[in-house]
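A.B. asks: Chain by chain, the residues:
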Amino acid sequence: MGFKNLDILLEKYLAGETTLEEERQLKAYFSKEDVPAEYESYKKIFAFTAKEIQLTPRETIKADIKEGITPSRFRRNSLRGIAAAISIFLVSMAVYFTIPQNSTKTYASVKEIDNPEEAYAIAKEALYLVSSKLNNGAAKAAESVERVKTINLYVKEK
Amino acid sequence: MRMKDFAHTVDSLKDTLYRFSLRIVGRTDEAEDVVQEVFVKLWQKRKEFTGVKNLEAMLMKMAKNLSIDKTRSKHRGLMSIAETTPTSYEASSEGQLEAKDALDRVGKLLESLPLKQRMVFQLRDIEEKTYKEIAEIMEIPEAQVKVNLHRARTFIRQELLKADAYGL
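Chains as they are written, first to last, in the working numbering: chain A, 361 to 518; chain B, 4 to 171.
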């Protein structure tokens, strides 16, 4: 590169009009040891840019990035804990809603009766209630016996 | 995006993103945080990023915005100037010491520039991006990219000439 061209190129450089290729030529030229004193300021600028391009982050930055994109042990454990809690809750709810609950038993309140006549009337009523239920049961049993007899007849015929 | 593609993207862009962020925040630890945040976001939103035309420009934009947010955070208001001083280079011999001084001086001049000029200088003179790419990352027209670049380069050169003239 001749000095005549160099001045033109440096003017273009200062104006922000050089191409990348022209700037690479300038960098190559100013990387040489001996440069006329009048160009010393340019030499410093290009020496600075050549040095700065060598700056790199710590070696461990890749490991830091990897750690940043991988869920940590704490987060993994937390997620497992949450998943386990949700599972237990869902199973409990399923059991609660699908298995029929024992009907709540209500017990008649115990009442002390002092009047014997009243006690007799209540006892009589209660016995009547029980006997009517037993009669129903006997009727049902008789009905079932009749059914069994019919089935037996059918089986014998076969 | 598969893990393999993600790992490849990290390998090819982490350094560029780091330097760009460092130019904005001025602290290595914060610049590294930004790089990490950008890639974690990329992974979390990888489905949204599928088919993005210029992934690099998109990630550079993310790094720019996160870095600017960091400089605006309340915590940073309490930081001392020393904590945000640009990278200082090492030297052993006298010649190296002179070269180191020159590098440090350019670094300090660059740090004194307005943010937009600093970012454009970084993207063009260090990362060698095209005017079009810079315009996309910076979200400004190409003409503004060139204006900012012109101002940044001219300022640094003039200040260096002044320093040389005063024998600094």
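The set of hints was computed from the structure by calculation and includes no laboratory data.
Treat the hints with care, since some could be wrong.
Cross-link-like lysine-lysine pairs, in silico, DSSO-like; alpha carbons within 30 Å at most [to be verified]:
| # | chain 1 | residue 1 | chain 2 | residue 2 |
| --- | --- | --- | --- | --- |
| 1 | B | 73 | B | 50 |
| 2 | B | 135 | A | 372 |
| 3 | A | 422 | B | 165 |
| 4 | B | 73 | A | 411 |
| 5 | A | 426 | B | 56 |
| 6 | B | 149 | A | 411 |
| 7 | B | 64 | B | 135 |
| 8 | B | 50 | A | 392 |
| 9 | B | 56 | B | 103 |
| 10 | A | 387 | A | 372 |
| 11 | B | 56 | B | 111 |
A.B. asks: Checking one constraint from the list: CA of residue 73 of chain B to CA of residue 50 of chain B, max 30 Å. Satisfied?
C.D. replies: Satisfied, since the Cα-Cα distance of roughly 27 Å is no more than 30 Å.
A.B. asks: Residue 149 of chain B and residue 411 of chain A: Cα distance at most 30 Å?
C.D. replies: 23 Å, holds
A.B. asks: What's the verdict on residue 50 of chain B and residue 392 of chain A, does the C-alpha distance respect the 30 Å limit or exceed it?
C.D. replies: The given pair, whose Cα atoms are some 48 Å apart, is violated under the 30 Å limit.
A.B. asks: Could you grab the alpha-carbon distance between residue 387 of chain A and residue 372 of chain A and see if it respects the 30 Å cut-off?
C.D. replies: Since the Cα atoms of residue 387 of chain A and residue 372 of chain A sit roughly 14 Å apart, the hinted pair holds (cutoff 30 Å).
A.B. asks: Given the hinted pair residue 135 of chain B and residue 372 of chain A, is their alpha-carbon gap at most 30 Å?
C.D. replies: Holds, at about 18 Å.
A.B. asks: Verify the proposed pairing of residue 64 of chain B with residue 135 of chain B, using a straight-line Cα cut of 30 Å.
C.D. replies: 14 Å, holds
A.B. asks: Are the Cα atoms of residue 56 of chain B and residue 103 of chain B separated by 30 Å or less?
C.D. replies: The given pair, whose Cα atoms are some 41 Å apart, is violated under the 30 Å limit.
A.B. asks: Taking 30 Å as the top limit, are the C-alpha atoms of residue 426 of chain A and residue 56 of chain B close enough?
C.D. replies: Holds, at roughly 25 Å.
A.B. asks: Hey, residue 73 of chain B versus residue 411 of chain A, does the alpha-carbon distance stay inside 30 Å?
C.D. replies: At roughly 25 Å apart (the allowed maximum being 30 Å), residue 411 of chain A and residue 73 of chain B satisfy the hint.
A.B. asks: Is the Cα-Cα distance between residue 422 of chain A and residue 165 of chain B 30 Å or less?
C.D. replies: Distance of about 43 Å is beyond 30 Å: violated.
A.B. asks: Going straight from one Cα to the other, do residue 56 of chain B and residue 111 of chain B come out at no more than 30 Å?
C.D. replies: 36 Å, violated
Taken one by one, the earlier hints fail for this structure at numbers 3, 8, 9, 11, listed in ascending order.
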